[in-house]
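Got chain A; can you put chain B with the ligands on it based on the hints?
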Amino acid sequence: MPKPEKVLIIGSGPIVIGQAAEFDYAGTQACKAMREEGVTSVLVNSNPATIMTDEGVADVVYIEPLTLDVISRIIERERPDGLLATLGGQVGLNLAVELHDAGVLDRFGVRLLGTPLEAIRKAEDRELFRTTMQEIDEPIPPSRTVASLDEAWTALEEVGLPVVIRPAYTLGGTGGGFAHTREEFERIVRGGLAASPAQQVLVEQSLLGWKEVEYEVMRDGADTCITVCNMENVDAMGIHTGDSIVVAPSQTLSDRDYQRLRQASLKIIRALGIEGGCNVQLALAPRPDVLDWRAAGETRGDERDLPYYVIEVNPRVSRSSALASKATGYPIARVAAKIAAGKRLDEIQNQVTGKTTAAFEPALDYVVVKVPRWPFDKFGAGDRTLGTQMKATGEVMAIDRTFEAALQKAVRSMEVEGSSLLWEEREEADPLAAGATDNRIWHLMAALRRDPDTLSLARRTAVDPWFLERLLTLVRMETRLLSERLSPGLLRESKRLGFSDEQIANLAGSVTEKVRQQRLSWGIRPVYKMVDTCAAEFDAVTPYFYSTYEEENEALPEATSRALVIGSGPIRIGQGIEFDYASVKAAQALQAAGYAAIMANSNPETVSTDFDTSDRLYFEPLDEEAARDILDNERPAPNGGPEGMERVPTILQFGGQTAINLAGPLTLAAQPIMGSSAEVIDLAEDRERFERFLTELGIPQPPGAAVGNVEDAIQVAETVGYPVLVRPSYVLGGRAMEIAQGPGELARYASIALEAAPDKPLLIDKYLAGLEIEVDAICDGERVLIPGIMEHIERAGVHSGDSMAVYPAPSLTPAEIETVIDSARQIGLGLQIRGLMNIQYVVMREAGESSLFVLEVNPRASRTVPFLSKVTTVPMVQVAVNVMLGRSIAAQGYPDGLWPARDLVAIKAPVFSMAKLVGVDTYLGPEMKSTGEVMGIDRTFDSALTKALLASELALSAHGTALLSIADQDKADAIPMIRNLSAAGYTIYATEGTAELMRGLGLEAIVVPKRLSAGHPNVVDVIEDGTVDFVVNTPEGGRSTLRDGFHIRRAASEHRTPCFTSIDTALHAVGAMVSGNDRYSVLPLSEYTRRVAPVGDAAEARS
Amino acid sequence: MRSGNESRSSFDGLRTNGAVEEAQLGERQPAALVLEDGSVFRGHRIGHFGDAWGEVVFNTSMTGYQEMLTDPSYAGQMLVLTYPLIGNYGLDPPVDESAQIQVRALIVRSDCDRPSHPLGGITLHEYLLAGAVPGLAGVDTRAVTRRIRSRGVMQGLIVSEEEVERAQARLADLPSYESQDFVAEVGTPAPYEWEDAAVAQGSTEGAHHIVVLDEGLKYNILRHLRRRDCRVTCLPPQTTAEEVLALAPDGVLLSPGPGDPALREVQVKGVERLLGRVPLMGICLGHQVIGRALGAGTFKLKFGHRGGNHPVRELASGRVYITAQNHGYAVDPEGLRGGAEVSHVNLHDGTVEGLTHRDYPLVSIQYHSEAAPGPLDNGYLFDRFLELVRGAKGG
Ligand SMILES: Nc1ncnc2c1ncn2[C@@H]1O[C@H](COP(=O)(O)OP(=O)(O)O)[C@@H](O)[C@H]1O
Ligand SMILES: Nc1ncnc2c1ncn2[C@@H]1O[C@H](COP(=O)(O)OP(=O)(O)O)[C@@H](O)[C@H]1O
Ligand SMILES: [Mg+2]
Ligand SMILES: [Mg+2]
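Chains as they are written, first to last, in the working numbering: chain A, 17 to 1119; chain B, 1287 to 1681.
Looking at chain A on its own, in the form it has when it is part of the complex:
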């Protein structure tokens, strides 16, 4: 295939469950690869929090909604000759199909690069896939593809219960599931047909409990095929691979098993004609003494050939391929992009060794364990059972030389309560009986502590006994640590099994620091080994390391100026890809300033863990022990004594709360911190100290206090007046934070919150329902640079991460802006911030008076740093890092105060993954719930808003049907919206109170009962049968009313019907609809940001 000249690369859009940071990693690599090949790259993504959309990664960057119309316009404008769609996840792939079907590719002569459309169809279309597998004689489980419920019933006759239902063209198992009964079957088939863009589902024989194995396969234009690695799921078939603990390479496959499945994978990639990478998922027969599969699978030929089935193929770069890349050092996305540009595998250099090429298969001499990170620490009420639909928001990976140690490090990396396998749930009932949940690994440990019979546990859980035996090794070591005196031998052995100092201290009845000092005095310290793709067969040049307790250390300190950047760990709600963006930018800034950047992180999906992001990468948990071990290792004096080189400073500002939490411990350990000191951080985060600080400056805060028990809480609330906001201190993402309308609610919330963080005080604040604004600022001690002010569309009370944020702030008056600048300057200088900070405010406008209250100050880079950096053109992280290195803001050429606004309007909108999280209430409140974000940018407010809504799939069509159920406190605000909808000819269904309001306005509404028992059709019916196109349901405070609306909101999520729970969002969405959805521009980002706004224009942009 000839080399293209200009390639359009489609990104994957916002982070949602099933599609996380891995595609930023993939897309970034693709852009770099194109540059190396001399191909011009044009990138489009709606997600501003990505490295790929940054200056200098692609040649032309569009941050625009990922719709057919937008991409067609980009193609028309840019005239690329190639389209690379296989690096943008399912979103990219589906768009490629749409562009083709709409004739856009043909019309503009755009060639689909890499994987041909035919291959995408064969892999994604469940029926075509079946026939393709049959043609090449690869086994697939008995199944039928169906397009209607009627067909499904017929299929069920053939396949027989239990069955699994798998929708076509979806990701993360959306809409699928197991059916053991006919009722379940009907429900899931309906849901699956709705979820599938092709309205097609597969009804398939259940292979529950079979081994689930994946292969990552590459193929080039010359038909050379290789497998990058295979991965075995610890959780067998039936639990989505994205929700499974996964190990690489496989552990329980013999060479024969391994090679047969490998051969099948190669055969499949050839049959599909993929050029690039793909992921093949297979099911392999488990131990017959664990699960008798003989009825379900026949042996073909030799009895030593275990039966297997091909489950699915993803004809693109995927979450698994990101994992495989980090697990092996083989950059799948980069190689796939180069293949798309016409290169052969043996023409692509292996950058890890510098000698070999991409035409080889990595050899691992370590074990990699991936553990998913689920959001149930935030969504306690959600359905935690794991099945064929993915629920994890992110994942961690750990590397070591034994499975036990890798697993334990991965668990440490998850940053969940307990943070080690020692933790046990206080539960009487057998937790494993109800099926797997996110806590399964702890449940398995608990079960083994009570009964070491691995075979019977394997029978109950379908986890291969090999893995259970490894867990039993850990249980045995726990017992030894509990009972034996800690000797050098015992300590070393436990470290080799991955026990943390803290775990050892807990078991041995000591304290963590004492164990650490004892360990060091015995000379027991980790060594660092290299991930080199070749098991040490060749000298490798990329410094990518993991810790282990063995003899030889390969990560020798280098005598250069350097600093350690602590990353942000797994993607979770409240700490998303934005922090990886900041970490990557920090490493780049260090390098630009002549420093070597050392990166530590545990998240395999990220750009920060790419081998060429930093000068040295440590793939490690981000806790105190790991950080101190790394810092000790980076310092040549091996005993950490005063002699030798300077200690290596650590940068903690960019890795979210994960990193900032290390400030105290590292300072105690005499490790220097770059930027704001631990003292500064504590001052900002300690409620009482911070309050005193603000009072001294005369800056108001919502009245309130920190309390330690429920009685005091009620006392404080009485003083400041209800409603109040309750929250624990020192948490991210508004965890356990609620608005209480009266003492009853307050008492209930307070006790829950106190349980979530027992030894942390509880904060009670007066709830101020004003306008929320947010600033990010950089301080150097003299100047405070404010790149921009953002104003939220939703009033305070909706978490800033869940709000739509508008830049520049459209409604602030010049006087208000002055107050904000003043306040931010005082806070920055007063706190002695060095580097970044983020301040959230409420503006209360009463009787012509406007006052500004500080909600909180985060002494670190915030979620909005990538968004603001992009729209203001201020490279915020770089400026901040330079400040930390001693270059003042003035020396960098930036002013004090507010950076002149650009001539544009940019709106950041949150994106949720609620369809996947059964049982979670979706209403917006002070606790963050979104998983990702998109940006709409344009010249006017209306167009920017339209694009933000389009990109977050909330755009409303000009005609249709709405369901309104509006809380009393919002009714007055809702009137213009209702009038607008009526005027637009919308049919309106409404619950009683809202209908009454409408009657009062002389408007018509069809009344539907809210209570599900009060006859049909009720609120849920009109959602489920597709009658309504969108829903406005704003909750009143109070538990019972919340419960009423819960069904409405869940039904809307599950049916993928847009549902507005904040009246402010709804008003704007309807406003945008009325203003006309199609009037927006499609331009490269640099076109929008080129000009500074004429003074006074910001406020006018809105009209």
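Hints listed in this document are in silico derivations from the structure and should not be mistaken for laboratory results.
All of these numbers come straight from a predicted model, not from anything done at the bench.
Be careful, since some hints might not be right.
Think about it this way: if two alpha-carbon atoms lie no more than 16 Å apart in a straight line, the pair counts; the simulated EDC-like pairs of lysine to aspartate or glutamate are [to be verified]: (1) B/K1586 to B/E1627; (2) A/K371 to B/D1635; (3) B/K1588 to A/E440; (4) A/K48 to A/D75; (5) A/K987 to A/E1052.
Structure of chain B with the ligands alone, referenced to chain A:
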């Protein structure tokens, strides 16, 4: 007659009487691997209790430990496995690639004491014990590998902790690897017909008669031939060309085997006579012998190629294949004469991986098309050999 499904009786006992459980009990015995350059790597003993010596080599395959242990090409060598967890899926007699464990000792990071696999299997420790072969576990095998990679292969000793100091002197007294004729130890002493239970119970029939010169072969080569409808006769390494031709074979295969190809003058002579008279296939040592017969030299690689991931380019098609390799010597193409050509090269170091001939029917490869262990990419080479066989018969 020997056959592939003949298992060592000792295993059956082990499986049933639980004697091994006993043997596993007790304290770990510290021991060390001492290399010629003076480096010492510590671990503990597994398998047979005893010292061992030999050339220390590493293999980077992540699976296939049992196939490697029983590969006769490892005669005289102590094998370091770079993958750290060995024995996970157990060991089971039908997986053996020859009649016994062939390595002098096995060195691993960690041996699995509770294997798990649908087809069952015993532990690595039990297996080594039954084969009376010592093992060393708990070793920083990556450090050993890096040492060998940078210094080249060396001889080594596994000894108890107290013996470490004296080990250096003992190493100096050992005969060099190059000087020993291991083929004499592992090649078949007598001719036999191969039968394969999996192909056709008790049958040795086949459409083509292939003679295999057994210099230390792996069973899977024979299985490949049987699966392609061949009758297979294996002959001792010293068999002359005349004796081979007297059996009127349709094709001759020279097997892999251990040691320096320079010691294989008899076989080189034999090949010189067979070339052009009967289709030939050479694998590994067999390929080196063919190379020498075609005028090429052979030389020792710094640390060999041992693993399941080596890319090889087939020059005719440009396609790259992933291969299983296990060799310490390579063919030096300098001197190849009269129509002999290099057909395959190693993508990593450019060494010769295959030879072909313009005039004679010949398939000659340095790597292991039979796999076991390793990728199944290269079975096509047996097909190619049989095409030559059929062609020769037809013409
Ligand atoms: N026939 C089956 N029996 C049991 N489990 C299955 C079957 N097919 C798929 N699964 C499970 O469902 C999960 C999701 O299915 P898959 O088709 O891979 O969805 P996705 O496209 O989201 O990756 C798989 O990871 C596997 O665990
Ligand atoms: N006193 C208050 N009045 C009104 N809204 C508030 C108040 N305090 C917090 N909030 C709301 O709660 C959200 C989360 O609070 P914040 O302190 O920023 O928590 P986090 O640390 O999770 O970011 C804010 O974005 C704001 O909308
Ligand atoms: Mg899948
Ligand atoms: Mg906040």
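### Query
Which of the numbered hints are not met once you compare them with the structure shown?
Violated hints (numbers, rising): 1 and 3; every other hint is consistent with the structure.
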